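Model the full structure from these sequences, guided by the hints.
As given, the protein sequences belong to chains A and B, one line each in that order.
The opening position of the first sequence corresponds to residue 3 in our numbering, with each subsequent residue numbered one higher.
The opening position of the second sequence corresponds to residue 3 in our numbering, with each subsequent residue numbered one higher.
Just so you know, nobody snuck in bad clues.
Cβ pair distances, simulated, as ranges:
{"#": "1", "chain 1": "A", "residue 1": "195", "chain 2": "B", "residue 2": "294", "range": "47 to 53 Å"}
{"#": "2", "chain 1": "A", "residue 1": "32", "chain 2": "B", "residue 2": "101", "range": "25 to 31 Å"}
{"#": "3", "chain 1": "B", "residue 1": "149", "chain 2": "A", "residue 2": "18", "range": "20 to 26 Å"}
{"#": "4", "chain 1": "A", "residue 1": "195", "chain 2": "B", "residue 2": "33", "range": "24 to 30 Å"}
{"#": "5", "chain 1": "A", "residue 1": "20", "chain 2": "B", "residue 2": "198", "range": "22 to 28 Å"}
Computed footprint of chain A on chain B, listed as stretches where at least three residues anywhere in the stretch have a Cβ under 8 Å from a Cβ of chain A:
{"#": "6", "region": "21 to 31"}
{"#": "7", "region": "109 to 116"}
One-sided and incomplete, this derived list gives chain A residues near chain B with beta-carbon spacing under 10 Å:
{"#": "8", "residue": "15"}
{"#": "9", "residue": "19"}
{"#": "10", "residue": "24"}
{"#": "11", "residue": "26"}
{"#": "12", "residue": "65"}
{"#": "13", "residue": "67"}
{"#": "14", "residue": "104"}
{"#": "15", "residue": "109"}
I should point out that these hints are in silico values taken from the structure, not numbers from a laboratory.
Remember, predicted model here, so these are calculated numbers, not experimental data.
Heads up, the beta-carbon is just placed ideally off N, CA and C, and yes, glycines get one too.
The primary structure of each chain is shown beneath.
2 protein chains.
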Amino acid sequence: MILTVTLNAALDLTYRVPRVQPHTTHRVGEIAERPGGKGLNVARVLAALGHDTVATGLVGGRTGDALRTHLAGTAPGVVDALVPVCGQTRRTIAVVDASSGDTTMFNEPGPTVSAQEWARFQGVYRELLTGARAVALCGSLPPGLSAGSYAELVHIARSAGVYVLLDTSGEPLRRGTAVHPDVIKPNADELTQLTGFTEPLHAAHQARRCGAHAVVASHGPQGLLAVTDEGTWRASPPARYEGNPTGAGDAAVAGLLSGLAEGLEWPQRLARAAALSAATVLAPAAGDFDTAAYGRLLSRVKVAKAAE
Amino acid sequence: MILTVTLNAALDLTYRVPRVQPHTTHRVGEIAERPGGKGLNVARVLAALGHDTVATGLVGGRTGDALRTHLAGTAPGVVDALVPVCGQTRRTIAVVDASSGDTTMFNEPGPTVSAQEWARFQGVYRELLTGARAVALCGSLPPGLSAGSYAELVHIARSAGVYVLLDTSGEPLRRGTAVHPDVIKPNADELTQLTGFTEPLHAAHQARRCGAHAVVASHGPQGLLAVTDEGTWRASPPARYEGNPTGAGDAAVAGLLSGLAEGLEWPQRLARAAALSAATVLAPAAGDFDTAAYGRLLSRVKVAKAAE
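In structure tokens:
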């Protein structure tokens with residue numbers, strides 16, 4: 003089983019409007035509601051790839067109830083082990099401008115989590131780890147949790163002997179990296195913020211010095227750069243694809259962990275991650291991946307060993 | 003008892019952000035959730051003025067549940083006689099730009115109402131009218147209802163001998179006006195759309211020819227213009243007030259109907275409506291009225307009889 007953790011889950015709303023114009027009133031033509039939060043996106047892709055997948059994290063309030071209902075409806079292969087909290091799960095509103103295709107986002111902060119709720123979550127997390135091959139810790143932290151919360155979860159997973167991937171940003175990434183996760187998956191900005199370096203290879207090496215055993219940095223349409231103790235690789239899709247990049251990073255995480263669980267070597271894991279990522283950009287619905295495109299891309303992603 | 007009808011009730015969300023910038027991601031600092039829809043605003047003001055108030059209309063889904071919970075919490079004097087429907091009550095998102103104070107609105111369309119649900123609502127409406135002194139029909143229509151829906155409700159109220167005020171726009175206003183409501187309360191734009199005239203006095207007279215027994219047109223900070231079979235009046239607040247005009251028109255409706263229920267003559271009703279409207283603009287929270295300001299303004303609103 004692969005476990006995913008989403009501490010700041012969300013009810014994602016997508017609004018389509020003819021054109022976004024600040025300081026005016028927009029009649030929303032079309033609404034979509036779906037479960038959001040990076041760990042839940044990872045879980046959906048893992049389940050679609052046929053892996054036993056358990057999603058935990060924190061949910062609360064009416065928006066939390068709506069999220070769970072949508073999760074059961076849209077990702078039936080994902081076991082819902084979300085832990086209830088008193089506050090209300092945040093909404094995110096993505097307003098899609100039909101004239102330009104651009105998106106304007108409004109993200110609520112999320113519920114304030116108490117110390118008691120955090121302790122209760124950790125208990126559930128420890129239990130779930132006993133059956134897990136790997137765990138993905140993904141996304142932002144809700145209010146109330148300290149910046150060291152992911153570091154605690156990394157430490158617990160490492161102590162339990164479970165392979166742990168961390169995908170977050172800022173101070174929670176810095177602290178989580180310091181306690182030696184098996185892999186971190188920053189994008190270019192997150193990697194620069196962590197290390198102070200803008201050159202990808204330098205930055206990835208520096209991130210390993212900060213504590214990560216391996217670094218898989220995502221560079222949007224250019225693909226992935228992996229620096230590990232077995233070598234350094236670049237995984238590049240055959241072309242640049244136009245589309246919606248929402249969830250592309252989460253699909254890459256699912257690719258890495260599913261490959262690990264199947265005993266694939268780094269180059270094959272990276273090929274899968276890059277192919278899933280590109281197939282997500284190509285999918286008509288944000289955050290889903292295009293199964294046919296994934297199949298086509300998998301053999302065409304180029305994975306090249308790079309100089310250290 | 004005064005009855006208010008809100009066919010397209012809403013869960014109103016207010017987001018505060020430092021600055022609205024299209025095609026970027028905004029972290030929302032502060033969220034407020036409250037019951038919305040013009041008839042519910044009218045009901046809240048009526049209850050605050052001490053009137054027995056019953057709110058009916060249509061609600062559904064999790065957003066409808068949230069609306070009812072907030073209504074009970076924020077307007078305990080309002081009797082909730084809302085009728086459940088299968089679809090989900092719409093959300094409205096008001097994004098307040100802290101740098102300018104301006105608001106960007108995103109309004110969901112509302113639930114699609116079936117013919118069976120509409121028939122069930124009409125049954126409840128007829129029963130509630132038996133105990134009502136007056137009824138306010140307010141706001142837009144949800145999908146599924148014909149543009150003649152308010153005309154049906156006006157006709158039923160008139161047949162039951164209940165004084166009926168209609169506050170809507172476009173085709174529903176045109177059709178509703180044709181079946182002789184006691185009063186309509188358009189703003190300047192709605193009145194122009196109804197009559198084709200831009201000059202306020204001409205337009206108001208024309209609206210009476212369209213079928214309304216009386217017309218009370220709201221002209222923002224300039225106050226109200228009333229054309230009735232007892233005379234024509236202008237009600238002007240003592241100054242122009244800066245603030246949030248949300249709910250100012252709904253407060254005017256509450257002023258008119260509470261005055262009617264108390265047996266006040268037109269000039270006193272208009273003074274109350276104009277004072278409540280200005281006191282709503284002055285209130286710190288959108289849609290509430292400032293009680294102290296209302297008291298001060300009531301004696302200072304100027305109501306002048308105008309030439310026909």
